[in-house]
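Trainee: The residues making up each chain are set out below.
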Amino acid sequence: MYKYDSYDHAMVADRIAEFRDQVERRLDGRLTEDQFKPLRLMNGVYLQLHAYMLRVAIPYGTFNSAQMRTLAGIARDYDRGYGHFTTRTNIQYNWPALVDIPDILDRLAAVEMHAIQTSGNCIRNVTADPFAGAAADELEDGRPWAEIVRQWSSFHPEFTFLPRKFKIAVNGAKADRAGIRVHDIGLQIVRNEAGTTGFEVWVGGGQGRTPRLAQLINPFLAPEDLLSYLTACLRVYNQHGRRDNLYKARIKILVEALGAEEYSRQVEDEWAVIRDGELKLPAEEIARIRSFFDQPKAVEPTPVPVTENRAFARWLDRNRRDHAVDGLSSLVISLKPIGGTPGDITDTQMDAVADLAERFGFDEIRATPDQNLILPHVRNEDIEAVWNGLVDAGLAVANAGLATDIVACPGLDYCNLANARSIPIAQAISSLLEEKGLSEKAGDVTIKIDGCINACGHHHVAHIGVLGVDKRGEEFYQITLGGAFGADAAIGSIIGKGLAGEDVPAAIARALETYLDIRADNERFIDTLRRVGSDAFKEAIYADA
Amino acid sequence: MLTLDRKTETRNVADAQLAAGGGRIVELDGDADWREAEAEIAGAVRVDIRFPKFNDGRGFSLATQLRERAGYTGKLRAVGDLIPDQAQHLIRVGFDDVDPDRKGLEADWARARTRFAHAYQPGRGNVTPLFRHRHKRPEDDLAALNARYRDMTPQDILRDAIRNEWVGKVAIMSSFGAEAAVGLHMIAQIDPATPVIFLDTGRLFAQTEQYQRQLTEQLGLSNIRLLKPDAEEVASEDSDDRLWRRDPDACCALRKVRPLDEIIGDYDALITGRKRFHGGGRMSLPVVERINGRIRVNPLANWDAAAIEDYFQRFDLPRHPLTDMGYASIGCWTCTAPVQADGDIRSGRWLGQSKTECGIHTPAQVAAE
Numbered sequence: 007m008y009k010y011d012s013y014d015h016a017m018v019a020d021r022i023a024e025f026r027d028q029v030e031r032r033l034d035g036r037l038t039e040d041q042f043k044p045l046r047l048m049n050g051v052y053l054q055l056h057a058y059m060l061r062v063a064i065p066y067g068t069f070n071s072a073q074m075r076t077l078a079g080i081a082r083d084y085d086r087g088y089g090h091f092t093t094r095t096n097i098q099y100n101w102p103a104l105v106d107i108p109d110i111l112d113r114l115a116a117v118e119m120h121a122i123q124t125s126g127n128c129i130r131n132v133t134a135d136p137f138a139g140a141a142a143d144e145l146e147d148g149r150p151w152a153e154i155v156r157q158w159s160s161f162h163p164e165f166t167f168l169p170r171k172f173k174i175a176v177n178g179a180k181a182d183r184a185g186i187r188v189h190d191i192g193l194q195i196v197r198n199e200a201g202t203t204g205f206e207v208w209v210g211g212g213q214g215r216t217p218r219l220a221q222l223i224n225p226f227l228a229p230e231d232l233l234s235y236l237t238a239c240l241r242v243y244n245q246h247g248r249r250d251n252l253y254k255a256r257i258k259i260l261v262e263a264l265g266a267e268e269y270s271r272q273v274e275d276e277w278a279v280i281r282d283g284e285l286k287l288p289a290e291e292i293a294r295i296r297s298f299f300d301q302p303k304a305v306e307p308t309p310v311p312v313t314e315n316r317a318f319a320r321w322l323d324r325n326r327r328d329h330a331v332d333g334l335s336s337l338v339i340s341l342k343p344i345g346g347t348p349g350d351i352t353d354t355q356m357d358a359v360a361d362l363a364e365r366f367g368f369d370e371i372r373a374t375p376d377q378n379l380i381l382p383h384v385r386n387e388d389i390e391a392v393w394n395g396l397v398d399a400g401l402a403v404a405n406a407g408l409a410t411d412i413v414a415c416p417g418l419d420y421c422n423l424a425n426a427r428s429i430p431i432a433q434a435i436s437s438l439l440e441e442k443g444l445s446e447k448a449g450d451v452t453i454k455i456d457g458c459i460n461a462c463g464h465h466h467v468a469h470i471g472v473l474g475v476d477k478r479g480e481e482f483y484q485i486t487l488g489g490a491f492g493a494d495a496a497i498g499s500i501i502g503k504g505l506a507g508e509d510v511p512a513a514i515a516r517a518l519e520t521y522l523d524i525r526a527d528n529e530r531f532i533d534t535l536r537r538v539g540s541d542a543f544k545e546a547i548y549a550d551a
Numbered sequence: 004m005l006t007l008d009r010k011t012e013t014r015n016v017a018d019a020q021l022a023a024g025g026g027r028i029v030e031l032d033g034d035a036d037w038r039e040a041e042a043e044i045a046g047a048v049r050v051d052i053r054f055p056k057f058n059d060g061r062g063f064s065l066a067t068q069l070r071e072r073a074g075y076t077g078k079l080r081a082v083g084d085l086i087p088d089q090a091q092h093l094i095r096v097g098f099d100d101v102d103p104d105r106k107g108l109e110a111d112w113a114r115a116r117t118r119f120a121h122a123y124q125p126g127r128g129n130v131t132p133l134f135r136h137r138h139k140r141p142e143d144d145l146a147a148l149n150a151r152y153r154d155m156t157p158q159d160i161l162r163d164a165i166r167n168e169w170v171g172k173v174a175i176m177s178s179f180g181a182e183a184a185v186g187l188h189m190i191a192q193i194d195p196a197t198p199v200i201f202l203d204t205g206r207l208f209a210q211t212e213q214y215q216r217q218l219t220e221q222l223g224l225s226n227i228r229l230l231k232p233d234a235e236e237v238a239s240e241d242s243d244d245r246l247w248r249r250d251p252d253a254c255c256a257l258r259k260v261r262p263l264d265e266i267i268g269d270y271d272a273l274i275t276g277r278k279r280f281h282g283g284g285r286m287s288l289p290v291v292e293r294i295n296g297r298i299r300v301n302p303l304a305n306w307d308a309a310a311i312e313d314y315f316q317r318f319d320l321p322r323h324p325l326t327d328m329g330y331a332s333i334g335c336w337t338c339t340a341p342v343q344a345d346g347d348i349r350s351g352r353w354l355g356q357s358k359t360e361c362g363i364h365t366p367a368q369v370a371a372e
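Those protein sequence lines, which keep their order, are chains A and B.
What the first sequence shows, in this note's numbering, is residues 7 to 551, in sequence order.
What the second sequence shows, in this note's numbering, is residues 4 to 372, in sequence order.
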């Protein structure tokens, strides 16, 4: 993984010094609250319902054991003994004191971490396929490009005060596990006829209030032109994105208003002037960044273990993934214990994952958009030891990709934007589905829950989405069906009026039972839904109403 | 409502205010279209761009376009609701000056102008983006390379040297002495096929030869380059096998310096295991240096004896058989003794002489003395 050089260290140190100065100036009035707010947000500091919240970046979800131990130490020393992994592969602390935050940033900097641009109307933490560098279906590891974009977008002189936040994702595999079509800009690595790799550039996707799928504006961008092209894309958006209405300020609204063709024409007009200028990436810098992203080699490949132990076998079946290298596997660590809070992890569990990654995982960990963790590279002969370690840490939950692997935003329990709670709904759904044995029977199905329309929990792209709304002071939950994240990305459709929170788990259980009744052989939930349409499911969901 | 076709609003400020030269000043709003403004700013001595709100970033793009597209080279000033935290942004997109609405914060503005020492992006104000700055060749800028390596671990320096900076043109020199296992183990984790240059002087301890075979096999090193002195030169210069006693410098030149010189052209950079704690001339050893025009990388320069010992234990590395007998620095048997009481780690080398280095790491003219 990428390692800082003295320049990267200096950039982070300079930012911390700047932040200390900003806090001081806020306290003595040289900065107003209106001025301080975007500055603190751009360093990951939110003011939530009950306390300040700090969001720490995990660029493209890749980190190591020393970093995980530091995250654990911060949870222990400055928070309440836990952290929360988000759908943008960041980690949030819900209870730090504002005065401690500069010290927390110092601790993070010591292990090459920061909270830079994890919020604010700037270019946010870049995401990538969580299996990048490990997946068997990969054309090229997207993370070197994500790192190049991370650096280019950090403290950008022109693009730090955009109309609204801006999210970029890179995917290098055939399957899209980065959500290319639901990002402001999605970069999909492709190979052209000449056999060289470049990017498809998808623009104007996003979730939130106005969910849109991105449109393709460039079928093949040469890698060395990446930064000049992104600059042109951002410049057109910075100048013409709406600033009069917060809800219409994202690039998706601009691209829709102009049409992808006109937006693309304006980008080309800007790009023509700068593409052969200083932004052209030097080959030696591409090589330098790539040199950090090695794929480990299995010394003597051994097969995946076969076991009589039912619990281990079940976990292997659900949580192990094939690796590009013979003799290695990727292992998903589910942060979705039955009835638990999706994405939460305690300090001792973080330490346990760090130990396992260091001993058995080539010192690498990934955070995923599903709020889980992955050990991307584990030798097959070490899998059982990893599983035993996870059992001891209470982390051997065998439900990766199942209905109980629920994604949920923090909701009204923490967030000051939320209209409704999402964590208790997730917990109740998880408990009921497990109790009825439906989670395992129903196989691959995604359930995602949001406490408001901003959709941090990605309900728009869930097979079954749950959206909390506030109706005259009461929480209701709308159900969407048919969303999907990935190459077959789709926005789910609202099926009808909202349900009371306590009715949601049973309604979803009935939908899954309906699927089990009507599915064809080996058909996944989403495929059945697409084949038969939503009527039968709708009926099941409202059966009790 | 989009701003695309919003009419460019420009205001001419009273020219008479301009004492010097009496030129024209043009003020543009941040959302102005540079093409529409082009005619108006032609011949202006100063263009002001107004920021209605500090977090309305359109003026940053407009400034960039006036500089890059309209080719405007006159004075550019930012005016309006700006905050000191934007000072470097303004400079780097091409502003020369700022006139913020809120006065009295000059000290904050001054400090903010130099807040970040580097930039990841190209920009005005003498900024080289880091993606270029990092690759100034060491021939031009050894200091830049040392700066880049300053905070890096030996493992990271080696990875960079082998995988990035001198790909295919770098080798490690090893004596297979008392501390050699550390650097060789690090290399083996990065690329076990990295060339390992081993000078077989013909005067090595049998234990060194045995240790070399053991380490090579255990670490999986697959590219040992064993260099021997030229047989004819040995016959003519050291026919009595006593050169080491008569003229140790000449002996080192024959058995180490010249064999290395033969192949040194194959590499742009050589890695060594020298460390500052060895003492003598090594006390000021940099991580990267140039010797006779070629790069030497000393990734372990900062490590002390305790760090070396920790590394041996952590990876359970085998020890040179002679370390148990008090040898801490091991060269030819003719000129190596155990460490002396109160002496530094290399005190057993060329014992009783002023000589402290064999010459492979020292500039040619010094070695020839």
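Just so you know, the hints here were simulated from the structure itself, not pulled from any lab data.
In this text, a Cβ means the ideal position worked out from N, Cα and C, and glycines have one as well.
Hints are supplied without guarantee of correctness; some may be wrong.
[Unchecked claim] Calculated pairs, BS3-like style, for lysine-lysine (alpha carbon to alpha carbon, straight line, at most 27 Å):
hint, chain 1, residue 1, chain 2, residue 2
1, A, K43, B, K358
2, B, K231, B, K172
3, B, K358, B, K231
4, B, K106, B, K139
5, A, K503, A, K477
6, B, K56, A, K171
7, A, K9, B, K231
8, A, K9, B, K139
9, B, K139, A, K303
10, A, K9, A, K477
[As the list claims (entries may be wrong)] Pulled from the structure, derived: some chain A residues nowhere near chain B, Cβ distances all over 12 Å:
hint, residue
11, K43
12, A200
13, A289
14, A304
15, V310
16, T354
17, E390
18, G443
19, I459
20, N460
21, S499
22, E508
23, A542
Trainee: Compare the structure with each hint and give your call.
Mentor: Structure-based check of all given hints:
no. : hint            : in the structure
1   : A:K43 / B:K358  : 65 Å, violated
2   : B:K231 / B:K172 : 21 Å, holds
3   : B:K358 / B:K231 : 22 Å, holds
4   : B:K106 / B:K139 : 41 Å, violated
5   : A:K503 / A:K477 : 11 Å, holds
6   : B:K56 / A:K171  : 17 Å, holds
7   : A:K9 / B:K231   : 39 Å, violated
8   : A:K9 / B:K139   : 19 Å, holds
9   : B:K139 / A:K303 : 33 Å, violated
10  : A:K9 / A:K477   : 49 Å, violated
11  : K43             : 9 Å, violated
12  : A200            : 24 Å, holds
13  : A289            : 9 Å, violated
14  : A304            : 14 Å, holds
15  : V310            : 26 Å, holds
16  : T354            : 24 Å, holds
17  : E390            : 24 Å, holds
18  : G443            : 47 Å, holds
19  : I459            : 23 Å, holds
20  : N460            : 19 Å, holds
21  : S499            : 29 Å, holds
22  : E508            : 42 Å, holds
23  : A542            : 43 Å, holds
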